[in-house]
Each structure stands twice: as C-alpha cells, then as structure tokens.
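Could you put the whole structure together from the sequences, leaning on the hints where they help?
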Amino acid sequence: MLRYVGARVLQAVPVLFLVSVLVFSIIHLTPGDPATVLLGPNALPDQIRQVRGELGLDRPLPVQYALWIGRVARGDLGRSYLNGFPVVRLLERAWPVTLSLAVGALVVALALAVPLALLAVRYRRTWLDHAAATFVAVAYATPTFWVAILLVFVLSIRLRWLPPSGYAAPWETPADAARLLLMPSIALGLGVAAILARFLRATLLEELAREYVRTARAKGLGERGVLFRHAARNALVPVVTVLGLQFGTFMGGAVLTEAIFGMPGIGRLLWNSVLSRDYTVIQATVLVTTVVFVLVNLLTDLCYGLLDPRIRYG
Amino acid sequence: MASSTRASATDSRPRARPRGGRAARVWGRPRGAFGLALTVAVVLTAVLAPLLAPHDPLALAKDAVLAPPSQAYPFGTDELGRDILSRVLYGGRVSLVVAFASVLTAAVTGVAVGLVGGYFGRWWDALLMRVMDTVLAFPAVILAMAIVSLLGPSSTNAMIAVAIVSIPVFARLTRSAVLAEKEREYVEASRAIGANDLHTVVRTILPNTLTPVTVQVTVSMGYAVLLEAGLSFLGLGTQPPQPSWGAMLFQSSSYLNQAPWYGMFPGLFLTALVLGLNMISEAVQEVMSRTA
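The listed protein sequences derive, respectively, from chains A and B. Position 8 of the first sequence, counted from 1, bears residue number -4 in the numbering used here, the numbering being contiguous throughout. Position 16 of the second sequence, counted from 1, bears residue number 117 in the numbering used here, the numbering being contiguous throughout.
If you're looking for bench data, these hints aren't it; they were derived computationally from the structure. A hint or two may mislead.
Negatives, chain B to chain A, calculated, CB over 12 Å [as the list claims (entries may be wrong)]:
| hint | residue |
| --- | --- |
| 1 | Gly122 |
| 2 | Leu186 |
| 3 | Arg223 |
| 4 | Ser277 |
| 5 | Pro341 |
So the derived list for chain B, only partly shown, Cβ under 7 Å to chain A, looks like this [what the hints assert, rightly or not]:
| hint | residue |
| --- | --- |
| 6 | Asp234 |
| 7 | Phe239 |
| 8 | Pro240 |
| 9 | Leu307 |
| 10 | Leu335 |
| 11 | Ser354 |
| 12 | Leu357 |
| 13 | Leu376 |
| 14 | Asn379 |
Chain A is faced by these chain B residues, among others (derived, beta-carbon under 10 Å) [to be verified]:
| hint | residue |
| --- | --- |
| 15 | Val236 |
| 16 | Met246 |
| 17 | Ala330 |
| 18 | Trp346 |
| 19 | Ser353 |
| 20 | Gly364 |
| 21 | Thr372 |
| 22 | Ala373 |
| 23 | Leu374 |
| 24 | Val375 |
| 25 | Gly377 |
Built from N, CA and C at the ideal position, the CB exists for glycine as well.
This is how it looks when you write it as structure tokens:
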C-alpha cells in the first residue's frame, strides 16, 4: 500500500508543477503589461518603471516564477488589481460558501440517486425502470442554469416558498441558510444525481449477476434481502470514485449556480474577476480550485486503492 | 446530426455485417432513432432559420417589449422587443457551429497527439502525455473561463476554449489504441515491406484506432453544446446583440416575474439538442461495445 501511495503522489508532482507554470503565465499572457494595467492608461513612464521594479517584472521569467511560487507557498497570492484587497482574504471569504453548496448538492445527489437506482434494479424492465431511465436522461441533459431558473420560477415566484437568491452562513443562521441553500443544491445536485444513478444501476446489476448472489438466493434469501444486504453494499464502494471524478464538473457547475443565486462563493469570485479582467484574482482562483481538484483526484485514487487491493497491485 | 452520421457511416464500411452496417444498427435502436429525430429536428430549425424565422432576430419593436406569445410573436418578445422565436432559431446556429467546430478541432488535434505519443513512445510520449494530464488537471469550465479571460469574450474564443478542454480525451484514447495496435502483426508486416513511419502511422494504424474516437466525438458533442451555452450564459461566449441560447437564458432570469415564457424556449431547445446528442452517443456506445 505504501508503495502505491508513494507512486501515485509522485505522479501528481509534475502535473502540479505544470499547472503552476501555466497559472503563473496567465499574468504574462494578458494583453498589456501588468504594471500598465495596474496603474491605468494615464501612468507616467517613471511610475510604470517603479511598479515594474516593485513587482519584479524586470527580472528574468524563471526568477519571477521562483519568487511567485515562493510567495504562494507562504500564502501570499497577491492583491486584487481592482481594489488592492489581498486575494487570500477574498478566497477565505468565498470558500465556505462554495463548500456549503457542494455539501448540499452532494446530499441532494445521493438522496436522489440511491433510491432511484435501487428502484430501477428492483423493478428492472418494468415501466418504473423505464421511467427512472427517462428521468435520468432528461436530468443529465438539462443545463444547471436552466434548472436553476425553473426552480426560481416555480418555488419563489409562483409558490413564494423560498427566497429567489442570497446566501446565509449555515453556522450563523441555520434556518435561513437551509432555505437559501435548497434551490442551489438541487440545481447543482441534479446532474450529478443523474450520473450517479445510472452508474449505480449498472454496478448493482453487475453485482446481482455474481456467484455470491446466487448463493444467497439458493439459501432462500428474498430478492429484497439480496439487493439490500449484499449487492447494495458492494455497489456503493465505487460511488466514491464517481463522486471524486465528478468534482471537476461540480466546480464548473458551482460557477453557474453561484452566478444565478447570487452566492458569494469561489465561482462567483472567478466570474466577477474574469468580467473585470482582475488577473491576480483569476490567477489565484484558478490555481486554488485546480490544486484542490488534483488533490481530490489523488485522494479518490488512494481511497479506491485502499478499498480494492487489485488496484494497488495492478 | 451530420457529424456522427458521416463518421459512423465511413467507419462501418470495412467491417459491415450482413444485417446492415453499424450505422444502421445505431438508428435501429429506440434510443438511436429518438436521439437522431430530436437532433435532426433541432438542427433543421437552425439550418432553415432564415426561412422559418418570422422576424429579423435583431429587429427591435418598441411597441412590443416583453410581449406574451401571440400570432405575430409565437414565443413572445424580449426586453428590447425582439422576436424570441427568431432569436431561438438563429441562436441554434451559433451553438451548433461552435460545438461542431470545437469537437472537430479537438478530435483532429487529440488524435495527432495520441498517434505521435503512442507510436514514437519514449520522451515524446512522456512530454505529450504530461501536457495532456495538465490540461485534464483543470476543472473544464474553470479552464475555459481562464482561456476566455485571456483571449477576450467572443464565440470564436469560446470555441477555442471548448476545443482545448476537449483535446486530452481524444489524445488518451488514440494513444491507448495505438499502443494496442502497434504490436500487431500487420503493423510489423507493413514495416517489413519498407513502409516509413508516416505511412505506418497514417495508413496502417490510424484507421484501426478510429472506432473509440468516433464514439468519443458523439459523447463530446453534447458536452460542447452545454459548455458553449454555459460560457454564453456567463457573458463569455457569443456577444450581444447576436442571439445565443445561453445568453438569452441569462437575460430571461431578470424578467421571470413579467415574462416567464422568455427563458422557456431557449431552455427547451438547448435541452432537446443535448438530450438528442446524448441519446445518439449512448446508442453508438451500445452498438460499438457489442461489435467489439
């Protein structure tokens, strides 16, 4: 196991290095010199030279990269071009929002997908199975942002059950937070639920075709017992992997969801900074989300190796 | 959808079975037939937009702002009095062109990368695959947004962004297919009769790696349509006043109270297209996995 962990961690190192180089170059690929962008069009040449010196822009690129990565390692992600605010503070404020959205969506996805898959398998090839499959196909094809708009229309505007947008921290006002989080969680969780349900149905059917299921049936265990006590347990293991692999889709969906529901999360921070060309903030959000994504993938692989010994010796 | 029809048709020729080619078997499945019907319907409305649209998609009608569906405006009008039906029809063109062009670009680039990496191996392979891993390391939407932030928002740049995030899948698929084919006897035979590397790769190996690529093209199309719509929704794709489904949906969300029908039609068309493309890709995958 230790060797597997070591090998997998070593694989992630060159990827993280290349990611950091690409993210570093965002600033240098931008149209116009960062110092000019920072000072505006009316800056004097002397001012520009001074700021270039302060930012280290007059040094060779590899040196600039080394200085930048050193600052990143110490938790200094620079300041916003727009308002001079330290980017780390912006990220610190935005993460909990995105995290609560992610947890909410995950709960929705599991709560929808697991019963749907069990139902489809228990009543396979009946109209229930087909209805579940149709629901899954439509849910998978419907864009997150349209689901969000439909939810707001029905639940907020017509029925007036939920506030259309906003955010409250779950640890401060739990009731408000839950009401505000419900629609974004459904919008983001629905697509993941579709992927999960389809995958779970396939693995359940695979498990049901195995020898141990035949043994269980032979000793007289009913169909429900076979499904819940045996097949479901084994089929739930690979769900971890699917969720890990979907994390990237999750992050992308979070941008759109946060945009519609006015949630001040990472996605909205990235969106606003792209619209206002605030390149230090773009750089930092892209770096942080990607590093988290790489780490989640790494953890997923490690979990899978832990759960299934064939992977680590394969 | 012309793309996958053509792709599967040419692909099915060498291994045609007595009961018709693989393409015929794809359309023979309920899913394939339904997906094809849905996709063709949406594609036709986009292609025939100039004939079908009752109004100019950019024409403003000051006396009919946010008008409900009527005979003159079957889908109603938007906040500037533009006909929503005409904008939905024309918006489909942008979605389809961007999705098709980006998947084609990604497939060609990815296949080339996979062929070079898989065939030449060693440091070519190591270098190219690390680059592909790096592109895959970014969450797709976030990378696409970063690319658009550098190039500037436009439908062309959205297309480039969608293409870039779609390349690695094609490269990896082609590479593993090449690794499997490379050791086969027919490749050795081709080399033994004096074929050079280029000939071996392009004429001998490439045709035998196209099956997984064809399947991936159908999978990527639906995703590309969604990604383009997402970028346009965020204002990073197709720019106003040009119509696009994503941007229309974004605009409509401000008028849910006064004009609930506004977003309904771009949403329906978008979902129908993605659903149709996904159904086709599922039918293609089923047929391919049975014949493999």
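Tell me the hint numbers this structure goes against, listed in increasing order. 9
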